[in-house]
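Protein chains in written order, with the numbering used here: chain U, 1 to 354; chain G, 355 to 747; chain E, 748 to 832.
Don't read these hints as lab results, they were simulated from the structure. Do not take every clue at face value.
[Stated by the list, open to error] Simulated crosslink set (SDA-like; lysine to any residue; CA at most 20 angstroms straight-line):
(1) Lys42(U) x Lys810(E)
(2) Lys568(G) x Lys811(E)
(3) Lys810(E) x Lys437(G)
(4) Lys46(U) x Lys810(E)
(5) Lys437(G) x Glu591(G)
(6) Lys568(G) x Glu769(E)
(7) Lys832(E) x Lys46(U)
Here are the chains, one letter per residue:
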Amino acid sequence: MSRKMYINGMASIAAQTEEDLFAENLQSFSENIFPATSVNYKEYIKPMMLRRMSKTIKMGLVTAKRALNEAGVDVPDSIIVGTGEGCKQDTEKFLENILDENESFLTPTAFIQSTHNTVGGQIALDLKCTGYNMTYTQNSASFESALIDAKLQFTEEMGTRCVLVGGVDEIARISTPFYNLDGQLKAGEINTAKILQSSSEGTITSEGAAFFLLSEIRTQDSFAEISDCMIYRNISEEKLQEEISWFLKKNDLKIDELDVVILGNNGDTRYDHYYQQLQEDLFKNTLQLGYKNWVGDYNTVTAYACWLGAEILKRKEIPQQLKLNNLPLKQPTSILVYNQYLGKNHSLTLLRSL
Amino acid sequence: MSRSVAVTGMGIFSAIGKNLEENHRSLIHGKHGLSYPEILETVHQNLPIGEIKSTNSDLADALNLDKNHAFTRAALLGTIALKEALQNAKIEDFINIGFVNGNSVGGMDMTERFYREYESNPANRRFIQAQHPGFTTEQIAGYFGIDNYVTTISTACSSAANAVMLGARLIQSGRLDQVIVGGTDCLSRFTLNGFNSLMIYSEDFPKPFDSERKGLNLGEAAAYLVLESADFAKNKEVLGYVSGYGNANDAFHQTASSENGEGAYLAMQKALETANLNPHHIDYINAHGTATQNNDLSESRALIRIFKEMPAFSSTKSFTGHTLAAAGAIEAVFSLLAIKHQQIYPNLNFNSAISDTRLRPVTELKSTKIQHVLSNSFGFGGNCTSLIFSKDE
Amino acid sequence: MTDLHTELKASIIEQLNLEDMEVSDIENDEPLFGDGLGLDSIDALELIVLLEKDYGIKLTDPKKGREIFESINKMADFIEANRTK
């Protein structure tokens, strides 16, 4: 019997601030790679620890601490992280060192930091948390893999009360621009705000982190509930529609009872058809929101999408600039997040209000 | 344990053999796979490694891949090992089978080769995406058409052990009835130089648990288990059960283990709890035993804390080298072979015990009754995992 | 204070990413590890590489590092006695 997963604390860092999001003041960029907003990391992390940390670790650790703080939890029972590319900058640094110095005079710090589970490990170290600690790196289903693990924990009898779950990815100086060479990123003049209307291949990318403290204990400050999550490595459009209906039914929802769907359209004409098909058919009477034109597309951007969904459910407010269709909506109670990247690693996550 | 998790098939490719039979033969004849770099292009010609003496072309040919394939070396090894596991378990239908792959090096073997060429030469740009572990998993899943639940765990040296644990939990929860679990990692300049820069790489062959041990030696390998629920395993040969598992974090240091092996201790304790077993039920421990000063001492202390009477134990890394993310999987296979053949494989290169602990591993092949095996895998970031495999009675 | 002392301090600040520090912030006899500057075992490995790269001294036993890296003075003395660059 599955116990419920309440979001009792959460935090995110992305290319847009929370203030700008709900004040209809979202920023547009003219680059196809743009960074997350800056944070004063020194407020949260001691300088001797901070000096070694890549942005991935800094963003991950800060959002994790903020989420825990909000939930009033010192040490969670488990820490589960999704990251598609880990500490990319450190990986680049160590690799360049090897290539430049022909495998001599190599310093270990960048190597140590480059394993994908460094974020999870650093969070555990900072909190002195000896509980279950896992890291998933399944491209654009990394965060959802972490969520599914969290959900499993809530069905098991191991006395789990609360789980810290999050997703984080960073931009790297040389290796992210490589995506201009293999068709992942959009060429030519860029205006990120209008990217979803583009008629060419490729998308835009950024970085960010979003962490959640999920608990089986509901408090008066609980944001929302994460009801369920599914991933599919590869699926046809037809089968996807069937799966979505089945997924909602499994969670006692009919399609016309779903209030909002958050879609991962990213302006890549090769793959946005997965979303467009749903927009024209299954979800034609559902309020549709798009966000990647504001925060870019990266492996764990759906962690941001879940944060967004939970914020909407808590505030009972929809950021107008995210609307993809013009349906009115009074008080959202259920939100489905659907995503895929390059036609693979499709995911469905359902959030509900309390 | 409520729903049992049966192992119905396994496959392996390591420096001591390209399938189960070859690996088993090497284990019983004490024939290790450590040698010097021939395929890996590195300046460190003096560092022993557990290298699989097949080039990527050989491996790609064995799989009948297209010339323009984007398979990383880890994906090539993984696909071959997975083929054996699926044949073994007689799996033909992949509609509802899940796949959990442990991988940490990803496609770094390709990245380090082409990194400086990508800008000027379009020839190998299909490997840009291959850098990260998820891509290797996708290549392997795509080869077999495994389309539904597919994920990658990347927790350094405990990755594949964590994959086994997750697979068992997915079956017990009823979420899936069949899951392929395991891992793959290949040698690369990145990891060879990485461990060397930490000054824990040995210029000699590995001496796990020995007082004169000088460090680890890397290896490469891939191995997978097919796990099935009781219903699905009904008419199949059961090689053993995943009867216990535990994961804990040392929370002590980024790469070194705590002095009293707290993370290891907690992981082993959890594994025994979930298996509903007491320490005296364990007949053999396949230790993590990397032969570093730090791990072997720390692991020994954790073992002493758990086991009043030390069961027989050995580190098979003395045969294969440390295969990073794949370690938990190849050692799961060795644990199940130990159960199948009722034998314990030796800890090679052992002479004298660590003075602090005086623990002596098994040093010769031993035939003995084996019901339960404990297998340890501890990774960077304090990630500690223990698995228990039990005989089908 | 010799040039070597200053050189070492500057290298340490750069190599170990001690972003907010100046050469004048590090005392010659201040403990570098533990309670003084607060360096750890990973920093010790970095300093071993520094010894080899900049001064041609190859240290094969990482444990010897703790004695040599006790303070800037100790480091400078060791380097003067053993440098090949």
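Of all the hints given earlier, name the ones this structure violates by number, lowest first.
-> Numbers 1, 3, 4, 6, 7, in rising order.
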